[in-house]
Amino acid sequence: MADSPMMSSYVYAIMLLLPLSAAMVILQRNPYQALVMRGILGAIAALVYAMLGGADVALTEALVGTMLAITLYVVAVRSSLVMRLGVLEGEGAKKNLQWQPMLDYLRALLKRYQLRLELVPYADDQALYQALAAKEVHGICLMDRTGQTAEEVAPRILVRVRRLADIFATELPGAIAEAKLYRDDQLDPLPLSSALTEEHL
Amino acid sequence: MVNILSYGCIVLGLVFWFWGTWPLLGRRSVLYKLHGLSVADTLGSMTIVVGLLLRIPQEWPLLVLALISLAIWNTVLGYVLAYCVTDDGGQEVSHGG
Amino acid sequence: MTLVLIAMIGALLIPMIEALQDEDIWQRMLAFASIATKTSVMILVIAVLQDDWMIGVVGVLILSVGNAALMLLAHIIKRLSDVMD
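Residue numbers (this note's numbering), protein chains in the order written: chain Z, 463 to 663; chain G, 6 to 102; chain R, 6 to 90.
Errors might be hidden in some of the hints.
To be verified - Here are the simulated DSS-like pairs of lysine-lysine, each with C-alpha atoms no more than 30 Å apart in a straight line: (1) Z:K573 with R:K83; (2) R:K83 with Z:K597; (3) Z:K573 with Z:K597.
Said to hold, decoys possible - Take a look, some chain G residues computed to stay more than 10 Å from chain R by CB distance: (4) V7; (5) I9; (6) L10; (7) V44; (8) V81.
Derived from the structure by calculation, the hints contain no laboratory data. For glycine and all other residues, C-beta sits at the position ideal for the given N, C-alpha and C.
Using the sequences and the hints, build the whole thing.
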């Protein structure tokens with residue numbers, strides 16, 4: 463062991479990389495970026511374990527800690543950090559002048575909460591209400607205003623998640639879209655809206 | 006003699022590593038960096054492994070396996086990353102699921 | 006040989022700094038790919054340095070399997086950005 467101090471110097475240098483990469487994981491806000499950082503941490507941790515002689519630990523870290531954990535986490539994050547918004551399919555919704563600005567605003571708003579917006583098209587208003595009641599979507603976007611200027615007024619968004627409703631109530635201007643919380647005991651919107659759609663057709 | 010040759014290979018691999026990794030810090034496009042990385046990184050790693058192979062020829066199956074997996078995986082990974090970065094033409098809305 | 010290893014640590018620091026400073030997720034994926042390859046080659050060098058056959062086997066295994074996670078992650082991130090834009 464003539465080169466013992468030299469040997470320990472590179473051991474310490476490699477071990478210092480571990481807290482550095484761990485800090486990089488912690489400081490990320492976006493979950494996907496944090497997962498990439500977790501991969502870097504796993505690679506460096508495997509290096510440290512192998513260097514210190516724990517070959518089995520290094521192999522487990524690489525296979526389970528990095529590969530399996532990242533795959534499972536990315537699937538979990540992808541399926542949970544999403545707001546599914548039921549919309550009308552076809553051209554009916556897109557004729558509204560507020561449609562594209564509302565989508566852009568919603569995306570930007572949800573992005574700040576690390577959520578993404580997923581649009582789920584449905585045939586008519588009744589299907590939208592059924593999907594909301596069956597908890598297929600987190601919210602629905604309605605275009606059921608009547609009158610001459612129906613294509614210029616803001617769309618109406620019904621959400622069934624209270625936290626989303628709170629966010630929308632404070633941060634979504636009424637000029638872009640009007641958001642309301644939907645509860646199961648509000649039974650009356652269903653027949654009213656179906657009557658309105660028939661009127662439109 | 007073999008020792009010098011092995012050191013030469015390893016140092017050459019290190020030069021390749023730095024040469025391929027240095028553009029990562031710049032403000033170039035992802036594809037430019039990916040090109041440099043996949044060429045220089047793979048070549049550098051393979052040169053280093055060849056240098057190691059010259060030092061311990063008795064463990065050649067292991068290091069040859071490392072060479073093969075480096076060559077195949079890094080090429081495939083380069084292709085996959087390039088495919089994932091470039092193909093952003095689809096604007097479609099995901100339909101459930 | 007330890008000098009070689011220290012130079013490798015220096016080469017490993019470059020993609021880490023890149024991952025730290027760049028906000029684009031694809032640049033970070035590139036840094037991750039670079040780090041994954043570099044760490045497994047470093048494990049091989051350490052195996053030769055310490056003359057430990059077992060660490061060498063682990064290094065080759067990590068080298069050949071570790072990239073699979075990277076590809077899965079790349080595909081999922083790609084589909085994600087398709088939906089978002």
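Status of each hint after checking the structure:
no.	hint	in the structure
1	Z:K573 with R:K83	holds (17 Å)
2	R:K83 with Z:K597	holds (28 Å)
3	Z:K573 with Z:K597	holds (22 Å)
4	V7	holds (14 Å)
5	I9	holds (13 Å)
6	L10	holds (14 Å)
7	V44	holds (12 Å)
8	V81	violated (8 Å)
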